[in-house]
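**Student:** Could you slot chain B onto chain A? The hints should help.
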Amino acid sequence: DAKTTQPPSMDCAEGRAANLPCNHSTISGNEYVYWYRQIHSQGPQYIIHGLKNNETNEMASLIITEDRKSSTLILPHATLRDTAVYYCIVRVRNYGQNFVFGPGTRLSVLP
Amino acid sequence: EAGVTQSPTHLIKTRGQQATLRCSPISGHTSVYWYQQALGLGLQFLLWYDEGEERNRGNFPPRFSGRQFPNYSSELNVNALELEDSALYLCASSRQGTGNTIYFGEGSWLTVV
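Quick note, the sequences are listed as chains A and B, same order. Counting in this note's numbering, the first sequence runs from 4 upward without gaps. Counting in this note's numbering, the second sequence runs from 13 upward without gaps.
Just chain A, same shape as in the assembly (with noise of 0.2 Å):
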């Protein structure tokens, strides 16, 4: 699975979008981006994941990259309760694979 690169810590004021980055310049055509947050000491809760077209849902917004190296999730009005570890994965979606999960990014929303 392709390696990812996120910056360790963010900040965002409360009410605002929170872009949150993720490089993934080594991933390969048939990998998946997924995103998974875990408030602290929770378990991981998904959020969403995509391959090349950028997604929304009633969470986030995924947006990938033309060249697919890096993405972007968006939390468009954060609240104090986004405050989390927001981990950003690449993985092909074969059944089984196990999710690797790096340090992430720790978002504090403040208010």
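Hints were generated in silico from the structure; no laboratory data involved. In this text, a Cβ means the ideal position worked out from N, Cα and C, and glycines have one as well. Incorrect hints may have been included.
What the hints assert, rightly or not - FRET-style restraints, in silico, Cβ to Cβ:
{"id": "1", "chain 1": "A", "residue 1": "Pro-79", "chain 2": "B", "residue 2": "Leu-53", "range": "27 to 33 Å"}
{"id": "2", "chain 1": "B", "residue 1": "Arg-67", "chain 2": "A", "residue 2": "Lys-55", "range": "26 to 32 Å"}
{"id": "3", "chain 1": "A", "residue 1": "Lys-55", "chain 2": "B", "residue 2": "Gly-70", "range": "28 to 34 Å"}
{"id": "4", "chain 1": "A", "residue 1": "Ile-77", "chain 2": "B", "residue 2": "Pro-74", "range": "42 to 48 Å"}
{"id": "5", "chain 1": "B", "residue 1": "Thr-21", "chain 2": "A", "residue 2": "Ile-66", "range": "35 to 41 Å"}
{"id": "6", "chain 1": "A", "residue 1": "Asp-70", "chain 2": "B", "residue 2": "Gly-28", "range": "50 to 56 Å"}
**Tutor:** Using the frame of chain A, we list chain B on its own:
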């Protein structure tokens, strides 16, 4: 629909003892994954079970083992506990087939004293 459930929430054991952690996957999910997260550290893949068989294993010693039951629930056993086994143990489940997003439970905290 119920999510992944894990028990116990907290467990305290003495060094050298055995610990057993349990996981019930989401209904319809046949795969169960176990991860270890030591305090302040990242998630480390432990084991993957599917259809009752161990399919993949992370870089952990053999004293970490488990099994999956016919109802797809799973058990993680840690023998000869060491202090550094103190961690949050997370279980995740997924459907069989491609494109299988995994969904996590809230975890079991194991403290070894």
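**Student:** Now tell me if each hint is right for this structure.
**Tutor:** A quick look at each hint next to the structure:
no., hint, in the structure
1, Pro-79/A / Leu-53/B: 27 to 33 Å, "holds (31 Å)"
2, Arg-67/B / Lys-55/A: 26 to 32 Å, "holds (29 Å)"
3, Lys-55/A / Gly-70/B: 28 to 34 Å, "holds (30 Å)"
4, Ile-77/A / Pro-74/B: 42 to 48 Å, "holds (44 Å)"
5, Thr-21/B / Ile-66/A: 35 to 41 Å, "holds (37 Å)"
6, Asp-70/A / Gly-28/B: 50 to 56 Å, "holds (53 Å)"
No hint from the list above goes unmet by this structure.
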